[in-house]
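Trainee: Protein chains in written order, with UniProt numbering: chain Y, 1 to 329; chain H, 1 to 329.
These aren't lab readings, by the way, just hints derived from the structure by calculation.
Bear in mind the structure is a predicted one, so any value in this text is a computation, not a measurement.
Repeated chains share a single entry, so a pair holds when one copy, or any two copies, can fit it.
List of simulated lysine-lysine pairs, DSS-like, C-alpha gap at most 30 Å: (1) K34 - K103; (2) K173 - K322; (3) K283 - K173; (4) K325 - K226; (5) K88 - K35; (6) K132 - K34; (7) K226 - K183; (8) K30 - K103; (9) K35 - K103; (10) K132 - K5; (11) K35 - K132.
Okay, here's what each chain looks like letter by letter:
Protein chains: 2
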Amino acid sequence: MANIKDVAERAGVSVTTVSRVLNNRGYIGKETRKKVEEAMAEMNYSPNQIARALQKSQSYILGMIVPDSNHPFFSELIKYVEMYANEKNYKILICNSLDQPEKEARYLNMLSENRVDGIIMCSHTLDVDAYKQVSFPIVTFDRIISNQFPYVACDNFRGGELATEHLIELGCKSLLHISGPLKLDLLANRRADAFKLSCMKHNVHYEVIEGSNDNLTFEYFNNLIKNKISENLPKYDGVFCSNDIVAYALYLFATENGIKVPEQLKIVGYDYHSFTRMLQTPKLTTISQPTNRLGKVLSSTIINMIENKDKDTINNTVVDVKLIKGQTT
Amino acid sequence: MANIKDVAERAGVSVTTVSRVLNNRGYIGKETRKKVEEAMAEMNYSPNQIARALQKSQSYILGMIVPDSNHPFFSELIKYVEMYANEKNYKILICNSLDQPEKEARYLNMLSENRVDGIIMCSHTLDVDAYKQVSFPIVTFDRIISNQFPYVACDNFRGGELATEHLIELGCKSLLHISGPLKLDLLANRRADAFKLSCMKHNVHYEVIEGSNDNLTFEYFNNLIKNKISENLPKYDGVFCSNDIVAYALYLFATENGIKVPEQLKIVGYDYHSFTRMLQTPKLTTISQPTNRLGKVLSSTIINMIENKDKDTINNTVVDVKLIKGQTT
Numbered sequence: 001m002a003n004i005k006d007v008a009e010r011a012g013v014s015v016t017t018v019s020r021v022l023n024n025r026g027y028i029g030k031e032t033r034k035k036v037e038e039a040m041a042e043m044n045y046s047p048n049q050i051a052r053a054l055q056k057s058q059s060y061i062l063g064m065i066v067p068d069s070n071h072p073f074f075s076e077l078i079k080y081v082e083m084y085a086n087e088k089n090y091k092i093l094i095c096n097s098l099d100q101p102e103k104e105a106r107y108l109n110m111l112s113e114n115r116v117d118g119i120i121m122c123s124h125t126l127d128v129d130a131y132k133q134v135s136f137p138i139v140t141f142d143r144i145i146s147n148q149f150p151y152v153a154c155d156n157f158r159g160g161e162l163a164t165e166h167l168i169e170l171g172c173k174s175l176l177h178i179s180g181p182l183k184l185d186l187l188a189n190r191r192a193d194a195f196k197l198s199c200m201k202h203n204v205h206y207e208v209i210e211g212s213n214d215n216l217t218f219e220y221f222n223n224l225i226k227n228k229i230s231e232n233l234p235k236y237d238g239v240f241c242s243n244d245i246v247a248y249a250l251y252l253f254a255t256e257n258g259i260k261v262p263e264q265l266k267i268v269g270y271d272y273h274s275f276t277r278m279l280q281t282p283k284l285t286t287i288s289q290p291t292n293r294l295g296k297v298l299s300s301t302i303i304n305m306i307e308n309k310d311k312d313t314i315n316n317t318v319v320d321v322k323l324i325k326g327q328t329t
Numbered sequence: 001m002a003n004i005k006d007v008a009e010r011a012g013v014s015v016t017t018v019s020r021v022l023n024n025r026g027y028i029g030k031e032t033r034k035k036v037e038e039a040m041a042e043m044n045y046s047p048n049q050i051a052r053a054l055q056k057s058q059s060y061i062l063g064m065i066v067p068d069s070n071h072p073f074f075s076e077l078i079k080y081v082e083m084y085a086n087e088k089n090y091k092i093l094i095c096n097s098l099d100q101p102e103k104e105a106r107y108l109n110m111l112s113e114n115r116v117d118g119i120i121m122c123s124h125t126l127d128v129d130a131y132k133q134v135s136f137p138i139v140t141f142d143r144i145i146s147n148q149f150p151y152v153a154c155d156n157f158r159g160g161e162l163a164t165e166h167l168i169e170l171g172c173k174s175l176l177h178i179s180g181p182l183k184l185d186l187l188a189n190r191r192a193d194a195f196k197l198s199c200m201k202h203n204v205h206y207e208v209i210e211g212s213n214d215n216l217t218f219e220y221f222n223n224l225i226k227n228k229i230s231e232n233l234p235k236y237d238g239v240f241c242s243n244d245i246v247a248y249a250l251y252l253f254a255t256e257n258g259i260k261v262p263e264q265l266k267i268v269g270y271d272y273h274s275f276t277r278m279l280q281t282p283k284l285t286t287i288s289q290p291t292n293r294l295g296k297v298l299s300s301t302i303i304n305m306i307e308n309k310d311k312d313t314i315n316n317t318v319v320d321v322k323l324i325k326g327q328t329t
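The whole structure should be built from the sequences, with the hints applied where relevant.
Mentor: See below:
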């Protein structure tokens with residue numbers, strides 16, 4: 001492969017001149033620039049970004065750690081993060097933690113060794129301590145690590161409130177919330193907080209059943225419903241689910257067991273990702289998290305940190321959610 | 001951040017010794033190794049992989065260009081490619097071409113500048129000529145570029161044959177195939193070839209309607225059905241769709257318009273990705289492309305090329321498909 005010396009020779013100029021053209025630095029005559037660019041094109045020269053990264057200590061690579069890049073929510077988030085990062089010339093390295101702390105720790109370490117410019121952290125199985133030694137920019141999705149790291153989140157409390165108030169307005173008297181894992185201090189837990197508070201405020205009976213984060217699949221939630229919820233399901237007239245996959249599994253279980261949705265049981269989901277939007281029977285009532293907006297803010301936050309545009313301020317961003325009325329309420 | 005000199009000083013050894021420990025090269029006494037490793041741990045030292053990449057001319061990064069990382073087929077493929085690549089210590093850079101030739105070309109160029117070790121090419125809007133100047137390993141999914149580049153594909157011909165023969169065995173007399181774009185010479189076109197040949201062999205009337213690859217969304221296929229297929233739909237008693245999203249859209253259109261599936265119209269899809277597996281009404285009859293196996297073979301093919309394990313042979317891999325019987329036939 002041609003190097004910078006070959007290009008200089010072909011163009012009849014010095015290596016310094018070629019370097020100036022490449023880095024767009026210092027004065028270069030129009031004619032000279034043209035000669036250099038032609039020589040680069042003729043020789044199929046592409047500047048070695050790795051060498052430049054080393055020189056500038058910048059790789060223009062962002063690591064993004066997600067629980068599962070195939071989950072419809074994260075798959076959509078990755079798409080938008082990549083789209084906006086690409087506009088700013090950054091690339092995205094994808095890492096699947098599969099919600100295993102060892103994998104998450106190994107990826108953090110690997111990304112640090114590879115000198116990524118920053119990390120977008122969407123997988124949360126490690127304790128906050130694990131982040132103390134990290135010496136480069138991190139932005140988290142839906143989790144507060146410390147006031148050193150900005151976070152981007154949807155308004156989880158508002159989401160929980162919207163869902164619960166909707167069920168209560170429709171006349172529900174006994175509500176269930178199927179939550180995510182509550183043991184780690186995640187912002188998504190505020191959905192459960194808002195659920196409880198709204199129920200108390202309106203004097204509505206409620207219960208919470210906790211799901212795990214080891215597994216976000218349809219099969220997992222199907223089993224959860226069969227083993228932990230099925231017997232007591234007739235006790236409730238409304239269920240607020242922490243994601244659309246469990247909402248869909250619950251809808252199917254109810255209708256298969258002769259419980260009419262929404263007449264006897266009202267169901268609200270959470271996410272409104274590509275699966276939910278494509279699903280036509282039923283159209284789920286759900287809370288929409290705008291992945292497009294989230295992706296844009298995650299990208300711009302980490303890039304601003306890297307480029308030191310916000311040296312003195314840590315900007316956390318909370319993105320609005322809304323209720324999408326479907327056929328399950 | 002601590003560098004190799006700091007580690008050497010702390011451990012009381014030479015830089016060469018630390019380097020030997022890092023690269024596992026040359027004889028190192030057990031005691032010395034322990035001292036160096038302790039010093040690295042104490043100083044939170046992580047070797048600079050970018051510097052090592054430059055020295056070794058290897059980045060351990062693979063580029064993966066897909067039309068849309070949020071499409072359920074590619075999202076699943078990415079997950080498995082990443083999983084297997086990670087076992088071999090490689091990382092995956094994700095690029096969404098959105099099926100735009102300019103974006104695809106820009107990504108090819110960007111990945112080349114960043115000295116990725118190789119590219120897994122799953123987006124195919126560029127002509128074969130665009131690949132002539134590429135000087136590093138590329139493996140393609142479902143496309144033959146030239147005999148310099150290996151491909152990994154599912155057995156598209158067999159898939160088309162299985163789907164069509166299934167419809168004919170069930171008594172269909174007039175078949176439609178909704179294909180992908182046929183203008184580029186893609187291996188997926190063999191599904192249409194097999195469809196036509198099977199129909200001819202059994203003397204069954206057939207037609208083919210071509211979809212575009214600009215858009216793989218439910219909305220696109222919904223409009224395609226309304227604008228190009230709806231009027232003539234009663235002419236057919238079986239449709240072989242080139243993906244599960246169009247199959248689902250067709251099922252919904254038919255049932256909404258009083259056409260009974262499968263009694264009056266039988267539908268076979270293609271892919272059996274996470275959306276299809278999660279969808280319960282209806283369970284689609286479809287052809288399964290095993291993304292797990294495809295991801296493993298794509299990873300191992302490109303890594304073998306990079307590590308020169310198969311210097312003299314280009315290994316193309318064709319992965320088996322199978323018919324999944326659902327409720328739409």
